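A.B. asks: Single-letter residue listing:
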Amino acid sequence: MFEQVVVSGLTVGAIYALIAIGFTIVFSTVRVVNFAHGEFVMAGGVLYAWLAIVHQVPIAIAIPAAIVGCVLIAWLSYELCLAGMDKDNHIAQVMVTLGLGITIKGVAQVFVGKDTQFPPPFTSGSPLALGSVSISQQSLWIVGSLAVLLGLLWALLQKTRVGKGMRAVAINHYAAVLMGISPKRAAIIAFALAGLIGGAAGAALAPVASAHYDNGIFLGIKGFAAAILGGLGNPVGAVIGGLILGLTESLTAGYVSSVYKDAVSLVLLLAILLSRPQGLLGRPLPAKL
Amino acid sequence: MEKPMEITAGSPATRAAAKPGRFGIALSGDRKLTIVLMVLLPVCALLATNSFYKSVLVSSMINSIAAVGLCLMLGFAGQISIGQAAFYGLGAYVTAYLTNRFGLQPVVAVALGSAIAMAVGWGISRPLSRLHEHYLAMATLAFGIIMYIVFANARPLTGGLDPGTSVGKFAILGFDLSTMDRYFWVVWAALGFAALIAGNVAATQVGRSLLAVKMSAPAAASVGIDVVRAKAFVFAIGAFLTGLSGGLYAYFARSFNATTFGIGYSIELLMMVVLGSLTRVSGAIVGAFIITILPVVFEHFEDYKTLVFGITMVLIMKFMPSGLVEGVFGLGARLLRRKGI
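Just so you know, the sequences run in chain order C and V. Under the numbering used here, the first sequence has 1549 at position 158, and the numbering climbs by one with no breaks. Under the numbering used here, the second sequence has 119 at position 118, and the numbering climbs by one with no breaks.
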């Protein structure tokens, strides 16, 4: 049973990690905790279900289409709402993202509907059996997407001009501007990436955990918790945070009580925050004067 | 002190340092606005023709008390909390439990409920004082969710999600105050009390030290402010007011379950405070009314309710980033200037 619990914990953890990466990318380039991010993930699942079930679009088209939809939503979110706001008024920006999240939820409710739906898994087939452990194909897709997207993100941030520009903006906004890097462009790319990764996470999760317009807040909180746990602004931290959170939940549900699984993982989060206020991999916060 | 602090014009500290008025009492603009609101409320209650409007009014006032508490924490001391629903729930459950189990007078039960919420607020502030900004937001969020899970599952004490808890009628020494007309005055008095506390905090040295902590904790420490104590103070008072609001809610709803005290309420409170004004107590009250009443107004839109609410939020925060009260004041000032007055 232990192996089975670990496998399901890693699957859930991979989803949290994917969501956390979106938080982290946006935070490091725009310096805003995007509370609408959970809704991007929800949109990924809901759009995929809407295309695949209601419109009978083949899976191979529905998945990329849902992800592209999420990228568009994320891009529009930045362009229409956050662009042009006072950079230093964090609380107003956070509130705009909260309002944005409610708006996206409202759009989903009106245009897609309120039904809970289970879209088809990416590939149908019997679960893989490894000794006593059985792994569903969708779990493989989820963990696989995390590995592939993380690799692509690493390549983007380390090897391309665009990615280097984003890192420069993250390190020092003003110095980046002086070097001719457009922070606005970096912000748009950050949001588009968050939409892409979040949308992919949502679409991959929907066949297992349903697609519903009200799922966003829950997913967002889990992703935010994972990002904070690993240290906000650090993609590797986000992945580690997500996996720890997923494993803790799964082990608690398996061995203690499924009712208190969220409480136990959050107590762990609090314990880590109190001993390391900057998260596991975060840099120590300089005292602000 | 002639010049309390070098702060940008219009900050609470400069506003609080109002000149003594005709009666020798110094009233800041914020306090005047709060008094106007407190006078307007009974007028609204008189004009509210049916009991539904009256109950919306009372629930707005209950939310206002909690919003005033968060306004002190976030607006004055810069301590963000996304876990206020925990204190709200503590106030409500302790009040209900004490009344049902020990048959305490409702007023005593509400007072004890708020006191326990306050003790918990003080207790968590000590460890939390190490955390800043987003990390503090996450920690309070986690605290709120943990408390919600406890409320929902500690069924012997709270009734959980189903069947929930119910309390009797609100009465003082046997005098029934539970009708909406009478309960209005109970809540009105409590809101006045909350606004008085908050106004006093804002206008005195305590409030100025909170502002200093908000601007820079190390700088505040360097001029002799005990930062940890200041944070503990504001957490305690914020939790106290939110607990008070929860206790009053218990007698307002009479029957409630754990869903009321979820993360949604914490976020709503945050919206109230930011939407009204971060730096004015009156702003918190205005914000609480807007956030409580908007969904009722949008009720006719049915499925479009969430969408319209979200768009309204985005528009207000994008175009009036320092809150509606500030925004309206700014707009008025600009119009007057244009007319050359």
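Bear in mind the hints are in silico, worked out from the structure with no lab data behind them. Please read all numbers here as calculations on a predicted model, not as lab measurements. Glycine included, C-beta positions come from ideal geometry on N, C-alpha and C. Careful, some of the hints might be misleading.
[Stated by the list, open to error] One side only, chain V facing chain C, incomplete, derived with CB under 7 Å: (1) G104; (2) L105; (3) V108; (4) V109; (5) R131; (6) H135; (7) Y136; (8) M139; (9) I146; (10) L162; (11) F302; (12) E303; (13) Y305; (14) L308; (15) G311; (16) K319.
A.B. asks: Against chain C, is V:H135 within 7 Å by beta-carbon distance?
C.D. replies: Since the shortest Cβ distance to chain C is 5 Å, the answer is holds.
A.B. asks: Would you check whether V:R131 satisfies its interface hint, that is, whether its CB is within less than 7 Å of any CB in chain C?
C.D. replies: 5 Å, holds
A.B. asks: With chain C as the partner, please determine if V:L105 meets the hint condition of a C-beta pair closer than 7 Å.
C.D. replies: Violated, about 30 Å.
A.B. asks: Would the stated hint for V:Y136 survive a check requiring a Cβ distance to chain C of less than 7 Å?
C.D. replies: Holds, because the Cβ-Cβ distance from V:Y136 to chain C comes to roughly 6 Å (cut-off 7 Å).
A.B. asks: Minimum Cβ distance from V:E303 to chain C below 7 Å?
C.D. replies: 10 Å, violated
A.B. asks: Can V:V108 be said to touch chain C, with a Cβ gap under 7 Å?
C.D. replies: Check failed: Cβ of V:V108 comes no nearer than 33 Å to chain C, outside 7 Å.
A.B. asks: Hint V:V109 vs chain C: min CB-CB distance below 7 Å?
C.D. replies: 31 Å, violated
A.B. asks: Min Cβ distance, V:M139 to chain C: is it shorter than 7 Å?
C.D. replies: 4 Å, holds
A.B. asks: Against chain C, run the beta carbon of V:L308 and see if the smallest gap drops under 7 Å.
C.D. replies: Where the cut-off is 7 Å and the nearest Cβ of chain C is about 3 Å from V:L308, the hint holds.
A.B. asks: Does V:G104 meet its interface restraint, that is, does its C-beta lie within less than 7 Å of any C-beta in chain C?
C.D. replies: 32 Å, violated
A.B. asks: So, V:I146 near chain C? Judge it on the closest CB pair being under 7 Å.
C.D. replies: Given a least distance of 6 Å, the restraint on V:I146 holds.
A.B. asks: Does V:Y305 pass the interface check with chain C, least Cβ-Cβ distance below 7 Å?
C.D. replies: 6 Å, holds
Of the hints listed earlier, those the structure fails to meet are numbers 1, 2, 3, 4, 10, 11, 12, in rising order.
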